[in-house]
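So the protein lines, in turn, are chains V and E.
Taking our numbering, I'd label the letters of the first sequence as residues 158 to 489.
Taking our numbering, I'd label the letters of the second sequence as residues 1059 to 1593.
Just so you know, the hints here were simulated from the structure itself, not pulled from any lab data.
No experiment lies behind these values; they were computed from the predicted model shown.
We put the beta carbon where it would ideally sit given N, CA and C, even for glycine.
Please note that the accuracy of each hint is not assured.
Selected chain E positions facing chain V (Cβ under 8 Å, derived; list incomplete) [unchecked claim]: (1) Ile1416; (2) Leu1422; (3) Pro1424; (4) Pro1445; (5) Leu1456.
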Amino acid sequence: MNESVSPMPAEQQAAQRHGRAWRIARRLLQGDRPYMLYIAFAILLVVFSFASPWFLSIDNFLNIGRQTALVSIIAIGMTFVIIARQIDLSVGSALALSGMSAALAMSHISDTWIVGAIAGIGTGAIVGAINGFVTTRLNIPSFLVTLGTLSAARGLALMVTTTRPEIITNDHFIAIFGEGDIAGVPVPILWTLLAVIGGILLLHYSVFGRQIYAAGGNPTAALYSGINIRRVTTLAFVLTGVLAGLAALVLSARSHAARPDVVQGMELDVIASVTLGGCSLFGGRGFILGTLLGSLIIGTLNNGLVLLGVSSSLQLVIKGVIIVAAVAFTRK
Amino acid sequence: MSEPVAVAAASSPRVPLIRVAGVTKKFGGVQALRGVNLEVLPGEVHALLGENGAGKSTLIKILSGVHTYDEGSIEIAGQKVAFESPARSREAGVAVVYQDLSLVESLSVGANLMLGREPRTRLGFVRQRELMAQVGAFLREHNIPLDPRVPVDSLPFAYRQMTEICKALMGDVRVLILDEPTSALTGGEEQILFDAIRTVTARGVGVIYVTHRLNEVFRISQRVTVFRDGANAGHFATADTDMKQLVAAIVGPRHAAMQARQETSTGASAQTVQSKAAQTAEPNTLDAPVLALSNVSNARLHGVNFAVRKGEVHGLAGLIGSGRTEILQTIFGLLPIDAGSIELDGQPLAARRPGDAIQRGIALVPEDRHLQGLVLDHSIERNLTLPRLPQFSRGGWLRAQAAAQQARTAMKQLSVKAPNASTHVKFLSGGNQQKVVFAKWNHPRPKVLLLDEPTVGVDVGAREEIYGVVHDAASAGTGVVVVSSDLDELLRLCDRISIVVDGSIVRTVERAQLRTAEELHHLIQLPRPTEELAT
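For reference, chain V alone in the conformation it holds in the complex (with noise of 0.2 Å):
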């Protein structure tokens, strides 16, 4: 509370010196307490290089990126989401749908790249409509509208091959989404930023983005001011689709195959990411480099308890408390 009103003056002053930038910086790198995100980021990283001595390497931190990328990119659709005052749980689901509906539509429709992308981006896209209009329209809340549709796509996901992979044999489509990459950096971390970049642009710089945080803020003080909470609600729904469908694409060419049964609980980190991000879950507050942030902890974590050797199964309890803890240090 008090911190975001005493250090105004300090940092208009500081605003006035640095200009642009400092602006800039302060829009993207905005939320409550966006300093003990960064903290947290940087101790992870010293006490890893110390721990393991194969943690500091840039091979090491590609990995991570790579791991990183699928929970990444749906995150940034889940902060507008969690932003507008709502929860996507499908969004494992929608991803597992996407992929068998991409890696079809290049076995049976045409082997393209470009038909294999529609298919998968379109059937998230789908996915997220039905969310966001269900929510709106009927009024129920969207913890149940996305927990139904969480096992009805993955239902769907086995039903369309009985419960076999898809294989995929387009060396395109396996480039551009999974293996290729540019200057030595892979495409799933091209595609991270990518979707990164547009998260901000949309978030921090267009109207949608201030209608989001208007919708989440206070519904009915955006109704009174003339936002239509049910369209921007449901386009938020629908952005997280669309990003659901990039990252089945994405896990898909890096495994040359769709499979009805990947990324269950999936929901679980990407939501960890976002409110450890800053995004309350009370709506209003949330930014999208926080999100990343939230993500890229996470997957450091993940990575570091791997190297130094500790089991899967503490690595669930310790992302467990991290979970409630981000949401009791984010709460009004």
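Given the structure of chain V, go ahead and fit chain E onto it with the hints provided.
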């Protein structure tokens, strides 16, 4: 459980159940009560009247143990009692039924009445049958038509209120305080409530009945006490008084004096507002109306007709729940129209949602700025730009500089006191918050500005500034509609005032025809003004 009123009934009818003598209360520098007196006899309904801020709620809060009092004394059945906490006040036999109900809606009437004191088995399970039997006996004894098994959320509002009253009566109650119990009731429901009150008083309980509706006073009460400015302004036996006398006591002689004071203290802006009274009628009469409602009906409105001219300030006066707010909400697209039409500049205005209304140049400053007007957790700039985002964007992208520039200009024009435009709204004072709500509609000027209780919770200085803003808007040609329960405010701001009763406008008067707030008060209180005025 069913010995609640035995004590009260036993005591002599001449000893007051409760005697408040010379009680004072100061909040900071504000003297809320300057030594008030009140006596309630067993079996009596004692009406407590007064304008907002007269001290009624302060006294109720003292009696219910929420606030302490500074001087004076309070006796219950001749015994001095310290009302230091709600629990102690309840022990002394004082029960308060507030306007906002405190029931668990998903539970049955019986479960609500016994909440927290359910009969249990040794293992802690609730003896359901015994509970219902106890409640049933209590209801029969008090002759109250409620079924203990029915869930509260399936009941009409009057029966919920009755449940609330029963809840207050479970236990040793001597004095029951009802705070505006009928504000949300329909006519038929009112009768049910009055019957319940009579049943209660027949058992010797004393009732303090707070209301703004004077006709109820004559229907239910035996005596009346009027508060004004934190002091007793009158005490009447209901049978020996009339509405005129009560209104005079409520409004007081201050009206003329107050107008003079405002004129001298606020200088130019007040004078220009004052001059309105003189100039009204003639100048704009020929102008076509900027906003016209004809026969507008929906769930809450029953055929509303009125028109606002360019540059006119048009007041809507009426009781709480009469439909004033709903008229504004319907114009703004928040409530659907079932029949009739609204025209803006002669064109039909079919606003299906607030966005449509805003686009057509209509603005609303809502009743509750925290809930409806502001995103408290966001900056001034974000709040200011919210209703007019298209104005600050190109192709869907925000023009941050333009938005920040506009925010600074608006803050300066309305003299919003804050470090800068990125200050969070929640840190501002009530008056400054309200100025931010006004500033949302500052530029460009709306064609129609709808104001719902524009100065509630705003200090005197900011209030004058807000009056200035309203006046500026009208001078620039905006048609203004003001809903206010503060009659002096309506008299100060408006060119014409329409009286709203039960979702329709019964009468529109020119400001020049009204001399005092008292006259306006009469118009609001009388359901059929023409008839009654003739007598």
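Hint check results:
no. : hint    : in the structure
1   : Ile1416 : holds, 4 Å
2   : Leu1422 : holds, 6 Å
3   : Pro1424 : holds, 5 Å
4   : Pro1445 : holds, 4 Å
5   : Leu1456 : holds, 6 Å
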